[in-house]
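**Student:** Chains as they are written, first to last, in the numbering used here: chain A, 1 to 80; chain B, 1 to 177.
Be aware that a few hints might be false.
[Unchecked claim] Calculated cross-link-like contacts (lysine to aspartate or glutamate; reagent style EDC-like; alpha-carbon spacing at most 16 Å):
id, chain 1, residue 1, chain 2, residue 2
1, B, K155, B, E119
2, B, K155, B, D94
3, B, K129, B, E107
4, A, K63, B, E55
5, A, K63, B, E140
6, B, K129, B, D94
Quick caveat, the hints were computed from the structure, so don't treat them as lab data.
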Amino acid sequence: MTFIIALIGFSGFIIFYVLFASAIIYHLRAYVLPGWTAGRISIMIFIAVSLVLVAMALFYFIKIPWEAYAECPPFICVID
Amino acid sequence: MLSLRNNETVSIVIRRHWWILVGPTIVFMALLIIPAAVTAVGTTYAPRLLDFFAEPIGEFTTVLYLLVLLIFAFLLWADYYLDVWIVTNQRIIDIEQKSLFHRVISEIPMRRIQNVTVEINGIIETLLKFGDLRVQTASEGSFIIENAPRPHEAKDVILHYLREDAENLKNPDGAGL
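Extracted from the complex, chain A is given alone in its bound form (with noise of 0.2 Å):
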């Protein structure tokens, strides 16, 4: 259960993420003239890096106990 509320916590974070990100790279590639590469260049880091980071976020994410959690929440439950 508590894995399935974070799945949809994370999937939300990542919609938001990707419709924000998607303005972003709209506006910087329509109000801008045929020259100018840096905008271009930009939204090819930033997708790149944040490529890099989903990944990692996805990796951490499925590499988490979260029934664990459940049971023994962190800075709640000491475990000697």
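Following the hints, position chain B against chain A.
**Tutor:** Quick look at chain B alone, frame taken from chain A:
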């Protein structure tokens, strides 16, 4: 994509001076090192906090934090990059990116320009050669680009096209020559 008219050429593109990005960049760098700082402080003062960041949930939280920082840095860059004055031989196009979905695009034909004023106010502005460039028009009031780099050069270019346009009006046969 923005388009130009026939026989229209871009002379200069004016963006705000890089100095105005220094403050946000320092804040961004400070926010970027927070996870590393928390880890360093946690080693001494809060071992449980350190344990949290060593676990997958801590690493996951850090990556989400970096994603949020990245998109805000990109938004800041887009705002800087799209907030621009394009001076062509026929007009000035003022694109003011107020926020992501709030943009004001104004066009000032050269023949409407009445006065161009440069204001450099401050030590840093004087040393780094940037200041406010104000263009006054006959009908729409004044347009201002704040923190324009080398505003005197920009003013000279605008006045050059202004004079050229005035001469073309006087001698229509020689227009464009």
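**Student:** So, for every hint listed, does it hold in this structure?
**Tutor:** Okay, the hints, checked on the actual structure:
| no. | hint | in the structure |
| --- | --- | --- |
| 1 | B/K155 with B/E119 | 11 Å, holds |
| 2 | B/K155 with B/D94 | 15 Å, holds |
| 3 | B/K129 with B/E107 | 26 Å, violated |
| 4 | A/K63 with B/E55 | 9 Å, holds |
| 5 | A/K63 with B/E140 | 60 Å, violated |
| 6 | B/K129 with B/D94 | 21 Å, violated |
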